[in-house]
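In order, the protein sequences belong to chains A and B.
In terms of the numbering used here, the first sequence is residues 1 to 235.
In terms of the numbering used here, the second sequence is residues 1 to 239.
No lab work stands behind these hints, which were simulated from the structure alone.
Just so it is clear, the structure is predicted and the values come from calculations on it, not from any experiment.
Glycine is no exception: its CB is placed at the ideal position from the N, C-alpha and C atoms.
Hints should not be assumed to be uniformly reliable.
[Stated by the list, open to error] Which stretches of chain A does chain B cover? Using the computed rule of at least three CB atoms under 8 Å from a CB of chain B, they are:
1. 25-33
2. 61-73
3. 178-187
[What the hints assert, rightly or not] Label pairs and their calculated CB-CB ranges:
4. B/Thr212 <-> A/Ala73: 32 to 42 Å
5. B/Pro6 <-> A/Ala171: 17 to 27 Å
6. A/Pro23 <-> B/Gln21: 23 to 33 Å
7. B/Lys189 <-> A/Glu49: 33 to 43 Å
8. A/Glu162 <-> B/Arg17: 15 to 25 Å
9. B/Arg17 <-> A/Thr172: 12 to 22 Å
[Said to hold, decoys possible] Residues on chain A that point at chain B, a partial pick, calculated with CB under 8 Å:
10. Trp38
11. Leu42
12. Leu55
13. Ala130
14. Glu131
15. Arg133
16. Val136
17. Leu151
18. Met156
19. Arg166
20. Tyr193
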Amino acid sequence: MESEGLDGLDDKALLSAHVEGDPAAFGVLFTRHRDRLWAVALRTTGDPEDAADALQEAMISAFRRAGSYRGDAAVTTWLHRVVVNACLDRIRRRKTRATEQLPDDVEEYAGRGSVLTAATDDPVDAALSAERRTAVLAALDTLVGRQRAALVLVDMQGYSIEETARILDCATGTVKSRCSRGRAKLLPLLEAYRRDARSEPPGDAAHGNPDPGPRVEPETETATSPSTNVAGGEP
Amino acid sequence: MSDLTPDEEAEVTRMLRDLPQIPMPDEVRSRLDDTLAGLVAEREEGAPSNVVPLRRRTWPKVLVAAAAVSLFGYVGSNFVQTQSADDASGGATSAAPEDAAGGDDGEVKAQDAAPPRVLEPSTDAAPGPTSASEVQKLTALVDLANASRYSRASGVLPTDGLVRGQADYDLRAYKVARDGRCDRPALAKGEQAYEVPLGKRRAAVVVLRPLTANSSQVDVYPCNLPILPIGSTLVLGLR
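If we strip away everything but chain B, and leave its shape as in the complex, we get (with noise of 0.2 Å):
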């Protein structure tokens, strides 16, 4: 316990209690409106809606808009340069594992111009399994590519092997464990959360979430905290 008498604790006390209460910003309880009204929105519908902006600041969605951006035209044009090589190689190798059941079927190009971020099949071929296999990969690397650049400047996330493993991420071989690291999101039905190593220990935690039939949100979380996603696409194709 302290020193202090009980004269003495009474007077910090009492300078504690007469500082001034501070009313609850009209800006922030119309932020809180919004976002008790999506969060019904979300429930009511059975999917997830844009409820949770991370921070009504301009400069973070400046620059995860524009992460978003380079990012996108950089892993979309290897992605597609990496079909095309194994197209020219008779799709023998290639540098996603699903690739082997069928890699000429399903070019995923990214799409970098339309809000919001979305990663969308060529119209010229169905999306068959390895396309949508390789739109999950893709998703979950262009996010947490995000996040990587998002955390460097907000400290949100650790960056360690979020942008050097990118290459190995395969969401289904990180499916959450009750006994995981990260702290389990909240899933509704038919949601899948995976928590994706980064390196050192560290990891985030990305959750599918089913939109229809052929679509679906991806969100990425930090792991301690399974709340408001740091990243989030939608994407097409995907079953």
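Next up, chain A with everything else stripped away, as it sits in the complex (with noise of 0.2 Å):
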């Protein structure tokens, strides 16, 4: 079968004559996702060699085992779920490993001229928001990997809760819960960008050194430490 005739077929079909030796099928359905998935594995494991990594292993594994996927989640799904778990095993492995600064090789890809960043021509605009990103990113990095995944499957790419649950393996409250206990991890390391969002005065952050007390210290009696987070934000 050609590509061209492939193309107009779905994904099971795809998957399907993929099975069946069709030696073009899998190449037009991963071409196909390729993308989102790469938002995700680089979102997930937050450095763009571990991102590169994990697609193509579960691109491997994807075409090695397309015979396993029963057919009850979208393969769309499916190929997701192989990805975030490459991810979180690349994340596991990486703990075992030094400690490597994640943000700032997402943000040398950043630099190369191909990232989609808000336009301005201001700046001190561009440098804030420049700094905005690597704080978040460097936050999104305290979390555990399955609360980070469930937060970037969410909040960053814009799942519904029961796509991620299907993703994830797990139940629609799993996914809830991880998202909220990312979030409540989140804020108070996020809390000199916050007050900049809200279009107040970020004080010293306007001189790209924002006060790094309230970053690492929640303002907030409400919101619950990081370390309490992590070890008992997971069900």
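Take the two lone chains, each set in its own frame, and fit them into one complex as the hints suggest.
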């Protein structure tokens, strides 16, 4: 079967064609979704190299194990599940190695000119925006893998709670819990940028040197401490 | 659940959603294309190809290559020494249990210069059953030792037992069971997977993939993710 004819097939038909031996079907299927899968992998791992490795591992796994797809979920859900699992495995392995400065890596890619950034001509705004991005990424990196994956899928990629639950192979309540606990941990870390986001004077942040105090210590009594969240955040 | 108000939750969500989308870099795109092409070729040919580069970073390749060269030399010379000692004593004893079936008909030597890494039986002796199993054992030994070297730097695999226990490896004793501790790798017809204990309740997965009537590829995988090999060797004379 040629690629042109495959383009009109839906995901399940493509996967079936691949299982039956069509050499081009999996390529059409994976190409169809790989940009979204890349976005999920990049934000889940927080590191472009790990994301590329995870995506490659996931693609190989999906290619070779396509026959194990049971058809009880959408193909794209299955693909996302394979990718997220590969990412979580990467994160687990990374924790056994030396700590890496992940957000900088991402920003390095962002500096290549292909990143879609908010258009602004004001260098101060641009600097603040970059600083906020770095802070958000750094805060995101403090979350445990499963919390992070849930937030990436729900808050960053816009998947529904139900779809995310299918991807992560857990209950919807678990996804809600992970998201809520993850956000609760992020909020105090982003306090300075929260003021900035409200268009209030960001204090020292306006000069590229935000006060580190509020970013690590919650100002509100209701916010759970980071250590508590890490330890008790996962069901 | 959290103590955040709905507004606070929405604010965090907005900050996350405001992060820019970073398109897939061209280098990653082409890497995936290459890998996919290799997978397709592998399936069409019915044999594995080099479709799974562990990482396109230079240092692990250098590390593995250096380890391969040094270990082949070390292991190969040790093995030949063992064979020579056996020959001198009439083949009555050997480090390899299979030697009892005919220890003098299959000298194995390491080829440490020609890429890819190849273990090749000597040309003056037809590879009989004994030499084949010795090659099999030696391959596992070398690859696991390579994995050990690699894992020391990368943390991909635990190192305990990899080198210490290498003399005891006989792949056929470690066939992966359905209820084994390691994940089962994807196997094509004729391929065999082995769960090789590393000590301290850990293991690696070694897969033999026949290429032709007298050659096989040996891939070594981490126990918990038998997708990307951390060591590979082409073996001649293995039947």
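Structure versus earlier hints, numbers of those that do not hold, lowest first: As far as the earlier hints go, 13, 14, 19 are violated by this structure, in ascending order.
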